[in-house]
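A.B. asks: Position chain F relative to chain P; hints supplied.
Each chain, letter by letter, is given below.
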Amino acid sequence: GAVVSQHPSRVICKSGTSVKIECRSLDFQATTMFWYRQFPKQSLMLMATSNEGSKATYEQGVEKDKFLINHASLTLSTLTVTSAHPEDSSFYICSAREGSLDQPQHFGDGTRLSIL
Amino acid sequence: KQEVTQIPAALSVPEGENLVLNCSFTDSAIYNLQWFRQDPGKGLTSLLLIQSSQREQTSGRLNASLDKSSGRSTLYIAASQPGDSATYLCAVPDDYKLSFGAGTTVTVRA
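Just so you know, the sequences run in chain order P and F. For the first sequence, the numbering used here assigns the number 26 to the initial residue and increments by one for each residue that follows. For the second sequence, the numbering used here assigns the number 12 to the initial residue and increments by one for each residue that follows.
Just chain F, with the same shape it has in the complex:
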């Protein structure tokens, strides 16, 4: 059974600063890792999916890296904006379902 941990639980930064969000998982035999964003009262928006054969994936200001052997993924958000304020979740397939981390709640101050 996968255990997924996200550190830190919360993060507050001034606008323009780069964000670094960490995700670790206990079983390195994963198909992929997915990063999501959740705004208050909303569902999850998929940000990036990294397949197990990939080391990183990029979309605009977002870059996610994956180190399967150490059981870690990092989500980088460049030049943060107030609109980036949200909770960010990572998840890995675990048997038939996804195992989620508890999330990192990000606040970007204008």
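Only chain P is shown next, with the shape it has when bound in the complex:
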């Protein structure tokens, strides 16, 4: 089946540093990728959507300059949390879809980000 690999699975870093999370589709071409944030015991909150080679579309309330998304190829998207602070600590999950809306979305295993 379709596999999405997300790396790293866990990051602990100091306040003020920038953190990059990678999301790769291993066996399909991810024309669209999504980045979600999940708070404890809550459902997923969509942060942004990106199409290969285009700028990401951010959901209302998500800071573009804080959460930089790059979707440079059909198999790789990255999320960079810039100048991270403790309030950015969360569980981040990416997903990818090949083709149009009638195709399934496949999810990565998530990244637990902890800012000290």
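The hints are simulated quantities; they were obtained by calculation from the structure and are not laboratory data. Beta carbons: idealized from backbone N, C-alpha and C, even for Gly. One should not assume that every hint holds.
[As the list claims (entries may be wrong)] Pairs of lysine-lysine residues, derived as BS3-like cross-links and limited to a Cα-Cα distance of at most 27 angstroms, are as follows:
| no. | chain 1 | residue 1 | chain 2 | residue 2 |
| --- | --- | --- | --- | --- |
| 1 | P | Lys91 | F | Lys108 |
| 2 | P | Lys89 | F | Lys108 |
| 3 | F | Lys12 | F | Lys108 |
| 4 | F | Lys12 | P | Lys89 |
| 5 | P | Lys66 | P | Lys91 |
| 6 | P | Lys45 | P | Lys91 |
| 7 | P | Lys66 | P | Lys89 |
| 8 | P | Lys39 | P | Lys91 |
| 9 | P | Lys66 | P | Lys39 |
| 10 | P | Lys45 | P | Lys89 |
| 11 | P | Lys80 | F | Lys12 |
| 12 | F | Lys79 | F | Lys12 |
| 13 | F | Lys108 | P | Lys80 |
| 14 | F | Lys53 | P | Lys91 |
| 15 | F | Lys108 | P | Lys66 |
| 16 | P | Lys91 | P | Lys80 |
| 17 | F | Lys79 | F | Lys108 |
| 18 | P | Lys45 | F | Lys53 |
| 19 | F | Lys53 | P | Lys66 |
| 20 | P | Lys89 | F | Lys53 |
| 21 | P | Lys39 | P | Lys89 |
| 22 | F | Lys108 | P | Lys45 |
| 23 | F | Lys108 | F | Lys53 |
| 24 | P | Lys45 | P | Lys80 |
| 25 | P | Lys39 | F | Lys53 |
| 26 | F | Lys79 | P | Lys91 |
| 27 | P | Lys66 | P | Lys45 |
[Said to hold, decoys possible] To spell it out: a stretch of chain F is covered by chain P in this simulated footprint if at least three of its residues, at any positions, have a beta carbon under 8 angstroms from a beta carbon of chain P; those stretches are:
| no. | stretch |
| --- | --- |
| 28 | 53-62 |
| 29 | 107-113 |
C.D. replies: Leaving out everything else, chain F in the frame of chain P:
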């Protein structure tokens, strides 16, 4: 805009019992419906995808039905096992993204 509801929010059953999880959505004009499983601290695992033209989809002990006209889907898990303990989410495409239900957290007691 789709509103997706899952009932019940939590379910605890003894091992071997069949599980019935419900999902309802407000706009019947959907492309498909996807069921996911999420284990604590993990991402989502896709279980089943039902296209709008299908009435049901089966994979092993899992069976999902879809009634578009009434805006409902049901996930059946036969002969539950402790390893089935997880949160189960349903989702439907809503414009460019997925709308998720809040999930049903299942505990299967050994």
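A.B. asks: Against the structure, test the hints numbered earlier, and report the numbers of the ones violated in rising order.
C.D. replies: Violated: hint 26 alone.
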